[in-house]
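Enquirer: Given next are the chains, with one letter for each unit.
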Amino acid sequence: MKKVFILGIICLFFLVGCGQETIQTEEKYSFSYNNMEFVLGDVFTREKFGTEIEYSEVASCAFEGLDKTFKYEHYEITTYPDGEDDRIYSIYLLDDTVPTKEGVKITDDVSKMTEIYGNDYTQQGESYLYSKNNTTIQFYTSNGVIIGIEYSIVMDN
Amino acid sequence: MKVVRVSLILLFLLGVFWFLNLLVSPKYIESLVEGSMISEYYDSPKNHEVLFIGDCEVYANFSPMVFYEEEGISSYIRGSSQQLIWQSYGILKETLKYEIPKVVIFNVNAMRYSKPVSEAYNRLTIDKMKWSKEKVEMIFSSMTEEESFLSYVFPILRYHSRIFELSEEDFTYLFQRRQNTFNGFLINQNIKGVESLPTKRPLTETRFADITYEYLDKIRELCEENNIQLVLIKAPSLYPYWYTEYDEQIKEYASKYGLDYYNFLENILEIGLDYHVDTYDGGLHLNLHGATKLSKYFAPILKEKYSLTDYRDHEEINAYYQKELEKYYREIGRGV
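Residue numbers (this note's numbering), protein chains in the order written: chain A, 21 to 177; chain B, 9 to 344.
To be clear, the hints were calculated from the coordinates, so they are not data collected in a lab.
Take the hints with a grain of salt, since some may be wrong.
Stated by the list, open to error - Under the rule of at most 30 angstroms between Cα atoms (straight-line distance), these lysine-lysine pairs were calculated in the DSSO-like manner:
1) B/K208 with A/K88
2) B/K10 with B/K54
3) A/K48 with B/K138
4) A/K121 with B/K208
5) A/K91 with B/K200
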């Protein structure tokens, strides 16, 4: 009986552990605007996100496929090719009318960013990068003020 | 007798292993031709006074055929896609074993990369290089975390899955090569003008990484030791953005060591570039038309500034270039 109990406890630990891991892997940075949800890695279509005001394509040096950039009034979406589809690679916020889901926007200062996102960032010059499950949010700053915000997916080479 | 039999079996197995390695290795002749450019140099006559090293911004934007036609300059481009600065250094070192040019031209775009970018690009530069100390050094300095040195020695370790994807190209070019460039220049005649470019991101690091300076120093010192004039250039590619902060650092470096630096982005009007028609991919690379304009602009500068030889008076070299020019114009006429 004692053995069964110990076994039960161990199983419970495993189950709890698995459950927690599942929740963690679902947590990714994402952006929303006007009731639209922008999830990094999702398939991009104009039907879903509307027609852009500017469009550009960037080819790689040797490989097939194009990175496409769709510029809207307040943000810019860059996609990467995946077979026939284009998937969202990054979302770059262009002005202070579009805050992140957590409530930080361009023109806010760095202290607001750390208050909301914490101090677990990687700093590179004047930019701060937060990572979560293969997604990142990067705050570009100048003199302590946020001047750019970008969501990206971490791609394997 | 048993020893002989075992030896023969071993020899046979080694032969099969060698053949399989050869078979599954990408040939880079009809697809991903950028992977064959570094090795094309080995077959060329070694008579070059000017050597270009660097990334796609050299092999797409400058035409040695135009340099020759305009000013009789003999030049070669040892460029490759996303060629990192330590790779440029390795390629320069390797080239100096074959010949000592008068001028080495390095495109500084690679200064922005301080670590290996991707295995795919490493392969395009390194796979077809001849085995040498430089190649070994280059592999170790370029490998991403997922790569192994052994997979460069035995390609089958990396490309074994290609055994199910072999194409005609793999058999046709199993034991032979085909020339895809003209002295390292890869012709592209497509037109895709610039409509718009992605928004410029703020710079995260304004200063180039120490490692890139370390290799720029090595390139400079190697040139000095061999009495070669090092020239720095920035090709007129509109994207990725060449930031003012980058440009200032190169100007500072050039001035410190008495080097010439040509940032062709500052001469777009004089060159006559029209980005609606002179680029094949929306501003990253020039097409044949754009590269011809840029080369015609740069040829007299090169000739005069570095007192280069006019090889049009040299019987043997002229004969080689005339033959190449004939092929070049045939290729252009055909519409590559």
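Enquirer: Confirm or reject each hint.
Expert: Here is how each hint holds up against the structure:
1. For the suggested pair B/K208 and A/K88, the alpha carbons sit about 15 angstroms apart, so the restraint of at most 30 angstroms is met.
2. A threshold of 30 angstroms between alpha carbons decides the hint, and for B/K10 with B/K54 the separation of about 50 angstroms lies outside it, so the pair is violated.
3. With a C-alpha separation of about 45 angstroms, the suggested pairing of A/K48 with B/K138 is violated against the 30 angstroms cut-off.
4. Distance restraint check for A/K121 and B/K208: the Cα-Cα separation of roughly 23 angstroms lies within the 30 angstroms cut-off, and the hinted pair is therefore satisfied.
5. Between A/K91 and B/K200, the direct Cα distance comes to roughly 19 angstroms. Compliance with the 30 angstroms bound is thereby established for this hinted pair.
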